[in-house]
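Q: Spelled out from the first residue to the last, the chains are:
Protein chains: 2
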Amino acid sequence: MPPIDFYFDFASPYGYFMSEKIDALAAERGRRVTWRPILLFAALRALGLPPPFEHPVKLEYITADFARSARFLGLGYRLPPAFPALTQQAARAFYLLNRQAPADAVPFAQAALRAYFRDGQDIASNDMVAQMVCEQTEALGDAAAVRDALQSADAKTLLQDAITAAVENKVFGSPFVVIDGEPFFGVDRLPQIAQKLAATA
Amino acid sequence: MPPIDFYFDFASPYGYFMSEKIDALAAERGRRVTWRPILLFAALRALGLPPPFEHPVKLEYITADFARSARFLGLGYRLPPAFPALTQQAARAFYLLNRQAPADAVPFAQAALRAYFRDGQDIASNDMVAQMVCEQTEALGDAAAVRDALQSADAKTLLQDAITAAVENKVFGSPFVVIDGEPFFGVDRLPQIAQKLAATA
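Quick mapping for you: the protein sequence lines, in order, are chains A and B. Residues 1 to 201 (the working numbering) are what the first sequence spells out, left to right. Residues 1001 to 1201 (the working numbering) are what the second sequence spells out, left to right.
Please keep in mind that the hints were generated in silico from the structure rather than gathered at the bench. There's no promise every hint is true.
Claimed, not checked - Calculated lysine-lysine pairs in the DSS-like style (CA-CA distance at most 27 Å, straight line): (1) K196(A) - K1021(B); (2) K170(A) - K1021(B); (3) K21(A) - K1170(B); (4) K1058(B) - K196(A).
To be verified - Listed next, with one range per pair, are the computed distances between beta-carbon atoms: (5) K1170(B) - A194(A): 56 to 66 Å; (6) A82(A) - E1182(B): 38 to 48 Å; (7) L86(A) - D1127(B): 30 to 40 Å; (8) P1050(B) - A82(A): 25 to 35 Å; (9) E1135(B) - A201(A): 40 to 50 Å; (10) R1118(B) - A194(A): 19 to 29 Å; (11) M1(A) - T1063(B): 22 to 32 Å; (12) D1127(B) - A199(A): 36 to 46 Å.
To be verified - Listing some non-contacts, in silico: residues in chain B with all C-beta distances to chain A over 12 Å: (13) D1005; (14) R1118; (15) A1139; (16) V1167; (17) F1172; (18) R1189.
Ideal Cβ positions, reconstructed from N, Cα and C, are used throughout, including at glycine.
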């Protein structure tokens, strides 16, 4: 069975919630998940769509809904002090690891998402992301080497290619899960994702 | 216990899905529901928000999601030939009935939503809505009288007042359910609505 695609932005609470659920849900049906972090704002801009939640009325609703959805799903969560964060560094780190030490990429992403959404750490800075990478693996060298790698043209290209692929697949939100070509937008589609996986198992 | 507020637009598939679920869900916990049809585009305009789903990429997704969500919820549904419809007439009819024959208002709304989303009938026209009202009740007189009433300044004011109240309550989507001051946007919030109702019962 082909893997499931899981697109998300490191700054997306709903993306974090999905990240805590999708691997186990897929595994129940013998499926694997390909994690595909993107920069949602860049994808939306490329699609000609406005950024999400910028209106105060929606922002107020969604902020309350983040916390309610976390409780509903049984997940630790608090609104990070720095929200939303810039997530280029985290996403670049993911794709560097994904190429050079694939087994470390998802654990790094999980650690970064939990650090941000559960523990209130800032994940925007080059320093912080380099430190998180080094806590996970030595595959990219020491902190100084990771910091350099995160600023490399190579890392930027890897991420840009991932965003371009997401745009081609019409990914307009986070989380965005694609199963055998069928898209599911939002963590509230988990029950329908489970139904789809059951039907195709 | 105070009633639950259920805001919807007669042209909203997700609003139709919620309309088939919310009364029974509330009744399980001894709660009643106040149906509050609005014109979503007017409410969004008043809030300074853009109309929903107008981008082709989102429209394609959402069109497939309508059908998938209907199947998931076990509801009869097909995309109406005339979609989206103008829903002033249906909403005005609801508020006229709600004042003059309150027991007939929700049954009329249910019939109109099913006619549109299940049976593919057009609900935009004055003639069609007058006919639906007359099939439900004689409270507003014969079809000619209903057609006149739907065009009256009185009917327009009733609907405008309902939209104004929705905007004051920051209703930015359909369906939009408010329970004891807490807002729930979208039919996919049904499980959280059930949890809220259980907690307050």
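Q: To test your reading of the hints: which numbers does this structure violate?
A: 2, 3, 5, 6, 7, 16, 17, 18
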